[in-house]
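Residue numbers (this note's numbering), protein chains in the order written: chain A, 1 to 238; chain B, 1 to 476.
No lab work stands behind these hints, which were simulated from the structure alone.
A couple of the hints might just be wrong.
[To be verified] Computed list of lysine-lysine pairs in DSSO-like fashion (alpha-carbon distance at most 30 Å, straight line):
id	chain 1	residue 1	chain 2	residue 2
1	A	LYS157	A	LYS67
2	B	LYS123	A	LYS157
3	B	LYS183	B	LYS319
4	A	LYS40	B	LYS123
5	B	LYS372	B	LYS62
6	A	LYS157	A	LYS76
[Stated by the list, open to error] Covered stretches of chain B (in silico footprint by chain A; criterion: 3 or more residues with CB under 8 Å from a CB of chain A, positions within the stretch not fixed):
id	segment
7	98-108
8	207-214
9	396-404
Even for Gly, the Cβ is constructed at its ideal location relative to N, Cα and C.
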Amino acid sequence: MPSNAGWLDRFVDGLPETRFFQFVAAHILVPYWAWRTPVKLLPGGPPPSVQPGDNVQRMMNLVMPLKDKSPVGRAKAALAIAQNKDEIYAGLDNVGTVHFARFVIVDNNICMFSVYDGDFTNYIRDFIVTIGSVFDAVVSLVDGGDDVIPSEDNVEKFIEWVHAHDMYQVPDLATGILRDQEALNGDTAAPGNDDLRLLPRQLILQLNVNNNVSLGSGYRAYPGYSAAQVRQQFGSGW
Amino acid sequence: MSTVFNPADVQGNILRGYHKPRMRHLMLEVTDRAAARRWLAASTSGGDGVPQITTEEPWETKPETCFNIGLTFEGLRALGTPDASLATFPPEFVEGMNARALKLGDAGPSAPENWPAPFNDPKRVHLIASIYADEIAQLDRLQHQALPDGKGLRPLGAREGWCFDGDYVHFGYRDNISQPRFKEIHDSESYSDSQPMAPLGTVLLGYPTNFEGLTWRVPQPEALGHNGTFNAFRVLEQDVVGFEAYLDKAATELLEHPDVDDLLPPGAEANIHLEPGDSLSRHAALREVIAANMCGRWRNGVPLALSPDATDPSPDVSKTNFDYDGSSRCPYGSHIRRCNPRGGQIVQRVANNSRRLVRRGMPYGPAYDPAKSRGLKKDEPERGLLGNFIGANLGAQFEAMSCDWLNLGLQDPRVTGSNDPLLGANEPETSWFDLPLKSGAAIRLRGLPRFVRTRGGAYTFLPSLSAIRFLGSLTN
Numbered sequence: 001m002p003s004n005a006g007w008l009d010r011f012v013d014g015l016p017e018t019r020f021f022q023f024v025a026a027h028i029l030v031p032y033w034a035w036r037t038p039v040k041l042l043p044g045g046p047p048p049s050v051q052p053g054d055n056v057q058r059m060m061n062l063v064m065p066l067k068d069k070s071p072v073g074r075a076k077a078a079l080a081i082a083q084n085k086d087e088i089y090a091g092l093d094n095v096g097t098v099h100f101a102r103f104v105i106v107d108n109n110i111c112m113f114s115v116y117d118g119d120f121t122n123y124i125r126d127f128i129v130t131i132g133s134v135f136d137a138v139v140s141l142v143d144g145g146d147d148v149i150p151s152e153d154n155v156e157k158f159i160e161w162v163h164a165h166d167m168y169q170v171p172d173l174a175t176g177i178l179r180d181q182e183a184l185n186g187d188t189a190a191p192g193n194d195d196l197r198l199l200p201r202q203l204i205l206q207l208n209v210n211n212n213v214s215l216g217s218g219y220r221a222y223p224g225y226s227a228a229q230v231r232q233q234f235g236s237g238w
Numbered sequence: 001m002s003t004v005f006n007p008a009d010v011q012g013n014i015l016r017g018y019h020k021p022r023m024r025h026l027m028l029e030v031t032d033r034a035a036a037r038r039w040l041a042a043s044t045s046g047g048d049g050v051p052q053i054t055t056e057e058p059w060e061t062k063p064e065t066c067f068n069i070g071l072t073f074e075g076l077r078a079l080g081t082p083d084a085s086l087a088t089f090p091p092e093f094v095e096g097m098n099a100r101a102l103k104l105g106d107a108g109p110s111a112p113e114n115w116p117a118p119f120n121d122p123k124r125v126h127l128i129a130s131i132y133a134d135e136i137a138q139l140d141r142l143q144h145q146a147l148p149d150g151k152g153l154r155p156l157g158a159r160e161g162w163c164f165d166g167d168y169v170h171f172g173y174r175d176n177i178s179q180p181r182f183k184e185i186h187d188s189e190s191y192s193d194s195q196p197m198a199p200l201g202t203v204l205l206g207y208p209t210n211f212e213g214l215t216w217r218v219p220q221p222e223a224l225g226h227n228g229t230f231n232a233f234r235v236l237e238q239d240v241v242g243f244e245a246y247l248d249k250a251a252t253e254l255l256e257h258p259d260v261d262d263l264l265p266p267g268a269e270a271n272i273h274l275e276p277g278d279s280l281s282r283h284a285a286l287r288e289v290i291a292a293n294m295c296g297r298w299r300n301g302v303p304l305a306l307s308p309d310a311t312d313p314s315p316d317v318s319k320t321n322f323d324y325d326g327s328s329r330c331p332y333g334s335h336i337r338r339c340n341p342r343g344g345q346i347v348q349r350v351a352n353n354s355r356r357l358v359r360r361g362m363p364y365g366p367a368y369d370p371a372k373s374r375g376l377k378k379d380e381p382e383r384g385l386l387g388n389f390i391g392a393n394l395g396a397q398f399e400a401m402s403c404d405w406l407n408l409g410l411q412d413p414r415v416t417g418s419n420d421p422l423l424g425a426n427e428p429e430t431s432w433f434d435l436p437l438k439s440g441a442a443i444r445l446r447g448l449p450r451f452v453r454t455r456g457g458a459y460t461f462l463p464s465l466s467a468i469r470f471l472g473s474l475t476n
């Protein structure tokens with residue numbers, strides 16, 4: 001019990017909270033671990049599933065670092081969205097499988113967060129076909145974007161690029177991240193230390209590689225319906 | 001890039017069906033890179049005794065046998081294709097069919113872990129050679145000719161298909177009715193079809209696709225990628241006993257259903273035949289109504305879109321020339337409408353014609369004989385379909401069709417959440433299928449089991465003749 005702990009216990013327990021230890025952990029320990037145990041980048045998007053309910057209302061959290069990391073660069077990104085907003089929204093409407101989509105600037109990233117139905121590559125491919133040329137104006141402002149535009153001439157590359165910029169979605173079960181690491185490495189051995197109270201090294205190392213992640217599959221007020229099912233129920237045409 | 005179509009450069013099993021009653025797929029492993037390359041080089045000319053690859057060149061007299069090959073990504077690698085080239089192949093092909101299982105609905109009993117050899121070890125399946133002939137002796141002769149000593153290529157397994165009843169396949173339907181048509185290709189068996197002609201890029205790399213201004217990446221160098229295409233080879237086991245038992249059960253339940261007269265008015269069974277002139281009981285006629293709704297065609301191939309009430313309409317109707325409008329009585333969830341919605345309304349508005357595939361399938365295993373069957377699946381030999389599903393982009397065609405349409409049913413909110421009644425990854429506890437009624441209402445069938453189980457397969461690249469020469473001439 002904490003109240004019964006002696007002064008030495010309290011001192012040791014408090015060490016991780018000290019600035020010195022935090023500095024050592026962030027600047028020496030983690031880089032050393034990362035060097036000793038390289039961890040692969042986990043891919044973006046939701047995990048594949050055969051359950052119909054898992055294949056509707058899926059999340060895309062696209063984080064694209066701006067080339068120009070200044071207020072001017074952010075303003076250019078804001079204008080690129082504003083100038084093309086109507087066409088982008090009309091295009092999303094025509095893709096047919098998109099529930100919601102919004103554009104956000106976070107730090108020096110232009111982000112597109114959307115909820116869509118079905119397979120990720122089908123979504124992006126239909127998106128390119130519908131409004132790729134308009135969206136190219138946004139992608140041209142992003143680091144590495146020039147390699148994948150015009151998107152119509154680089155469909156496969158564009159889809160892979162979006163996939164790489166879509167946040168990894170940490171499974172709902174916290175230990176799922178460890179299983180994903182094992183799957184990515186082809187590791188079939190029995191699971192190791194899954195005690196998450198110990199802030200496992202694997203989790204730290206994964207977040208060292210995947211800086212931005214989505215935590216879990218998120219809250220839903222209602223079970224999985226497709227965008228077209230919702231539209232049909234409301235009589236708004238699909 | 002040459003966009004002028006040269007039929008002598010394209011393998012012959014892509015754009016036309018050979019209509020041979022026998023075929024054999026040989027799954028091969030490259031054991032000696034240099035010998036395998038010599039074999040490939042010889043196959044383009046028929047030298048060194050290696051069977052010559054059949055091309056798309058028009059023939060005056062149909063050859064006795066035809067011979068074609070497909071290569072997996074592991075096969076390209078085993079042949080020493082440079083890394084820079086390998087990097088230009090699309091990710092779904094690179095990963096291979098086993099790794100894409102969940103997208104294809106290959107879970108549970110269809111999961112790759114349950115596939116028999118050689119498909120349980122995909123790293124070793126390098127090349128699939130396909131022989132087409134009239135008789136088994138010809139298949140044997142060509143196989144011996146192709147693999148006289150096992151040098152360079154080691155056989156891992158074979159699958160043999162045969163047409164046991166013309167174009168009829170194991171569930172008793174007539175198949176092989178409609179394919180994409182291409183304006184560049186002279187089709188000796190032209191038939192009327194309201195569907196637009198498919199651009200050549202639907203099925204060959206290096207040509208315009210269904211999407212205006214959009215082209216698929218051609219694997220490099222050009223000699224390797226141009227005029228090639230991709231194939232999803234599938235071994236699909238069909239549970240005929242289970243299928244017929246389900247029709248029996250569902251028809252029995254329908255007889256008691258309050259709306260059954262809307263589905264099949266009393267006396268209308270006279271319009272439904274299995275054989276010309278036969279007289280079916282109401283139960284037997286309902287079985288056929290259910291089977292027709294599940295497929296979208298009566299078992300003789302007549303489409304429900306044109307003949308919703310009769311198996312043999314008078315006057316006769318086209319089997320190919322139809323579309324799905326708002327009043328069509330072909331169920332949204334039927335197999336043929338799911339997999340190819342033609343011009344009908346769908347959720348993905350740009351996808352109406354973009355996911356089309358060339359399908360070349362042939363049954364395997366003995367025909368089902370109800371007179372000899374005890375009605376137990378465990379007593380029956382394995383039977384099914386050896387399918388080639390060909391398209392220039394596996395992700396945009398075969399996978400897109402499989403994961404969003406065949407299963408899940410995303411194309412129409414009225415079927416979303418259900419799977420294809422014939423091919424889908426169905427579980428009796430959750431599956432459903434709607435039989436549309438003339439009134440606009442529907443009778444919902446439940447408890448459909450999985451009738452088709454995947455028993456193997458591979459994504460292959462069907463290289464052009466130039467590509468086979470390119471691979472045959474590698475020296476690293």
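Outcome of the hint check:
1. About 19 Å separates the Cα atoms of A/LYS157 and A/LYS67, which keeps this hinted pair within 30 Å; it holds.
2. For the proposed pair B/LYS123 and A/LYS157, the alpha carbon gap of about 25 Å is at most 30 Å, so the pair holds.
3. A distance of roughly 20 Å separates the Cα atoms of B/LYS183 and B/LYS319; the hinted pair therefore holds under the 30 Å criterion.
4. Using a Cα cut-off of 30 Å, the hinted pair A/LYS40 and B/LYS123 holds, with the two alpha carbons roughly 22 Å apart.
5. Our distance criterion of 30 Å between C-alpha atoms is broken by B/LYS372 and B/LYS62, whose separation comes to about 37 Å.
6. The suggested pairing of A/LYS157 with A/LYS76 holds, with an alpha-carbon distance near 25 Å, which does not exceed 30 Å.
7. Beta-carbon proximity to chain A at under 8 Å applies to 4 residues in the segment 98-108 of chain B; the threshold of 3 is reached and the given coverage holds.
8. Remark: the segment 207-214 of chain B is confirmed as covered by chain A, as 3 of its residues place a Cβ nearer than 8 Å to a Cβ of that chain, reaching the required three.
9. Counting residues of the segment 396-404 of chain B whose beta-carbon sits less than 8 Å from any beta-carbon of chain A gives 5, enough to reach three: the coverage restraint holds.
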